Structures are given as structure tokens and as C-alpha cells.
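Chains as they are written, first to last, in our numbering: chain S, 11 to 273; chain Y, 26 to 280.
Hints may contain errors.
Derived SDA-like pairs (lysine to any residue); straight-line CA-CA distance at most 20 angstroms [claimed, not checked]:
# : chain 1 : residue 1 : chain 2 : residue 2
1 : Y       : Lys145    : S       : Ala185
2 : S       : Lys269    : Y       : Tyr171
3 : S       : Lys209    : S       : Pro198
4 : S       : Lys269    : Y       : Gly256
5 : Y       : Lys145    : S       : Tyr180
If you're looking for bench data, these hints aren't it; they were derived computationally from the structure. Note that this is a predicted model, so its numbers are computed, not measured.
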Amino acid sequence: MSLSRRQRLRLLRGVTYTATVAALVLIFLVVDWGELGGALFKWDIVTDQFPDILTTALRNTVIFTIFGFIGGLSLGLLLAIMRLSKVKPYRWFAATYIEVLRGIPLLVTLLILGFGIPIATGWQWPNPYIQGAVPLALVAAAYIAETVRAGIEAVPRGQMEAARSLGMSYTRAMATIIIPQAFRIIVPPLTNEFVLLIKDTSLISVLGVTASTLDLARFGRNGVNDTANATPLVVAGLVYLALTVPLTQLAAWMERRSKAGRR
Amino acid sequence: MNQHSGTPMSAEPLVRIEQLHKRFGDNHVLRGIDLEVAKGEVVCIIGPSGSGKSTLLRCVNMLEEPTEGKVVVGGVELTHRDCDIDRARCITGMVFQQFNLFAHMSVIDNITIAPRKVLKRDRSAAEQKAKMLLDRVGLAEKADAYPAQLSGGQQQRVAIARALAMDPQVMLFDEATSALDPELVGDVLNVMRELAEEGMTMLVVTHEMGFARGVADRVVFMDGGYIVEQGHPEQVLGAPREERTQRFLSNVRER
Chain S
11 MSLSRRQRLR LLRGVTYTAT VAALVLIFLV VDWGELGGAL FKWDIVTDQF
61 PDILTTALRN TVIFTIFGFI GGLSLGLLLA IMRLSKVKPY RWFAATYIEV
111 LRGIPLLVTL LILGFGIPIA TGWQWPNPYI QGAVPLALVA AAYIAETVRA
161 GIEAVPRGQM EAARSLGMSY TRAMATIIIP QAFRIIVPPL TNEFVLLIKD
211 TSLISVLGVT ASTLDLARFG RNGVNDTANA TPLVVAGLVY LALTVPLTQL
261 AAWMERRSKA GRR
Chain Y
26 MNQHSGTPMS AEPLVRIEQL HKRFGDNHVL RGIDLEVAKG EVVCIIGPSG
76 SGKSTLLRCV NMLEEPTEGK VVVGGVELTH RDCDIDRARC ITGMVFQQFN
126 LFAHMSVIDN ITIAPRKVLK RDRSAAEQKA KMLLDRVGLA EKADAYPAQL
176 SGGQQQRVAI ARALAMDPQV MLFDEATSAL DPELVGDVLN VMRELAEEGM
226 TMLVVTHEMG FARGVADRVV FMDGGYIVEQ GHPEQVLGAP REERTQRFLS
276 NVRER
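Starting from the given sequences, assemble the full structure and let the hints guide the process.
So this is what it looks like as C-alpha cells:
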């Protein structure tokens, strides 16, 4: 055959495309859509999820996320500042904290703090919200600290020098000049941390839950047990998406805008 | 070392630097600098890049901590270990090559933030003074603009106003025009010239030989971490005694 290189490439692309379409059509024809729909998205089970999935499960997920984020952000900021401190022990402490809590899976940390500490010390967590939110915040702080540190380091050195040359102390320069600019830089990655945190709250249910502290994932799982149908989990997944997709889109938009602004 | 121009001077110099050394690791950048600046005097520091002139300037407000030696500004010994550096820095104002305006603040906030937070002036007094200073540098209408909306020359003039808002006794200029497009240099130099005429004490690291010749009371030539030669601008720039100064000046002129 005397096909040119370009013709051969075009033929190959055509074959790939046809094969992909054929495979999709085949799947579409083979699958029993009625049965699949019945197992994954059965309408009367969907409607049964409401309103409890919103009033209890979504509410709890949001509570865990917000407490985790506020705690994580405060502690993360403190850790970032320690990490950049001139005082070596502060640096070491922050570096170790970040390394350890980022290196252990959240599930393990949750179990150690949530169950291990009460067993070891006899001390009891005052309520299940705190039991879940505190370990979540402690882990989030380790991730957020690195983001904040990167933000602080992205502020040009000259900003600190100018502030100090005007008589500001290091602390005041940090608070009024550096950190406000750092936060502008890290809003997009911080939004992504927030999205990760929303999803991570689904692990809190390993600590055991009461009917009132069910989060979205556990609510879906319980629903599956009750109905012998996967629909409750699919609905829970959709509720997660309703939270996360707008946020990731927002983060992407902010990132594009700040890139455009820098030009 | 008493060859200043005819400007009247008080006995105690406003800036006194004695046997100043600065090392960055193995790099010995300043090798025993002695320099005095009298009140009202304008001293231009020239020299090849890497000669230590910016480091010297940055030692005057302790942005670089000297390795050895003494820096006394306005009667305060900054190199003393009990010195309150934050307070002592209010005696000096600094203008940087890269302007370093606070990017998240409007022009007026850039100028008023330090007087308000450090000197505890109230907002209206600080803003009134800021507007007066902006008027002086020819940017009265830019009070609410953000740094990114200004040209380099405008940013640098705001930076000068910001430093002046702290009522410094000495102004330090660290290659203030080196990052500017050529057509914007003139406006900044004019502001500096006016400031000198008003009697401000100025220590100016610069490559602008015309400015040094026209405005300085004294020119200091530095090379390799030493002050090689200093004196009246006509003498240092017009008839340098040292071979190194002659070589530097002929290189500059050839451009």
C-alpha cells in the first residue's frame, strides 16, 4: 500500500474513533437499563431520602467540615508561622507535626485520637461532634500549614523589608502586610483544601454514630442496609457533588482571575 | 575627611559609621567602612556592582546586620545590642530599587499605614499629611489607586512619599531609578532633587552620574568593600585621584 505518513495517521485516528463509538453503543445495548436504574436510582427510594438527608446528614457533614476548617486554618496559620520562625525548636516542632500528620492516613489518626486516647487515659470526649471534628482539624492543619507557608513565601521579600524599614515590628509586618497578601495568593488552593475536607468528613463515622450525628456517607450506607438497594448511596454522592462542584468551579475561576490580574 | 561643601553643619554628624564589616559566609562584602554624614548633607555612593554600596546602605537601617563595627544614626547606636531597632528605624526612611509598595493597599493606605500603626497617629491626621506629600510628588489625584495601576515612576514617587510620612531625619535611596524605564527616571530624580534642596539629609546609592554631580555635596566611590575615594563631586567625578575611580568612570562614560 502506498499511503503517505499523513494518510496513515488519519486512517489510524478514524479506526480508533469508530472502535470507541462501537464499544459505547455495545455497552448501551447490552446493559439492562431498567434493572440498573432500579438498583441505583429507584425513584421512590430517592424521595424517601428526603428531607432527612438534608436536615440530618448534610447538616452534620457541614458542621464537621466547618469546624474542621476553622480549627485547621487557625492551627495551620500558627504552624506555618512557626515553620518560618528563626527559633529552631519552633521550626522543628512544626516540621515534625506536619510530617507526622500528613504521613498517617486520616482513618488511622481518627481511630487513634477518637478511640485510642480515651482507652489510654480514661478521659472521654465530651460529645461525638468534638470527637470527630478535633482529629479532622488537627490533620487539616498539617495540610493547610504547608499551603499557608507557600503563600507567605510567595510574597516578595521586598514587602517585608519595606515594612521593617518603616519601623514595623516583625509581628506587625506579618499581620498587616505579609499574611493579607499571602491569603490572596492561597484562596484557590485553600478552597481545594475545603473540598477535600468535605469528603474526608465521611471517615468520621468509623468512630460510631448515633442517629443524630449521621453524616452523608453513613446516612447513605445505612440507607443501603435498610433498602437492599444502592440508591441511598447514589443520592448521598449527588449531595456531595452539589457541595463540591460549585466550590471547585469557584476555585478554578479565582485562579484564572488571579492569573489574569498578574499580567 | 572634611571636604564637604559650604553647607552649614552641626558638630555631631547625623550618621556615623565606624569600622563597619559585613560578611555573608565567606564573602567579605564590607571591609572596614568609616563614613560620616552631616545634617542636611547629600552624599552619593557610586561604584561597580558588587562593590558593597547597597549593603552599606542597608546596614544604616539594619536591614543587614553588620558583622562588626558601629552605626550611629541621630545619636542612637543601632549596633548596640540593647537598641530598639524598630524604633530606631523610624529615624531613617528608605526607598528601594523595586519600589516595594504594599500591593494589597491603595496609595493612601500605603502612605498612612506606618504613621498610624507605628507612630499611633489618628487616621485623619495621617491622611491629611499623606495628601500633602502626594501633592508634593505630583500624584495628588492617585490617592485611591492601587500600585499595579501606576507606572514605575509613579510607584517610586509614592514610595518616597511613604518614607517621608514617617518624618525621617535621613533618607536612604537604594538605586531608586535603576528599575525604571529611561523616560520615567527624570520625574523621580526631580523629586529627589527638590528634597535635597529643602535640606533633607540623603544617602544615595546611584548610577546617575548627572544627579551625583548636580545634587550631591559629596561623592563616595566604593570598590571591593572599601571606600576608595570621596570628596566634592567635581573632584571625584571630574578629576579622580585614584586609578580605580578613573577606570570606573571611564567605563560608565563609554556607555
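Holds or violated: Lys209(S) with Pro198(S), Cα cutoff 20 angstroms? holds, 17 angstroms
With a cut-off of 20 angstroms on the C-alpha distance, tell me whether Lys269(S) and Gly256(Y) pass. Not satisfied, since the Cα-Cα distance of roughly 50 angstroms exceeds 20 angstroms.
Mind checking the alpha carbons of Lys145(Y) and Ala185(S) for me, to see if they're no more than 20 angstroms apart? holds, 16 angstroms
Does Tyr171(Y) lie within 20 angstroms of Lys269(S) when you go C-alpha to C-alpha? With Cα atoms ~17 angstroms apart, Lys269(S) and Tyr171(Y) stay inside 20 angstroms; holds.
Lys145(Y) and Tyr180(S) were given as a pair; does the straight-line alpha-carbon distance stay at or below 20 angstroms? Within the cut-off at roughly 17 angstroms; holds.
Of the numbered hints stated above, the single one contradicted by the structure is hint 4.
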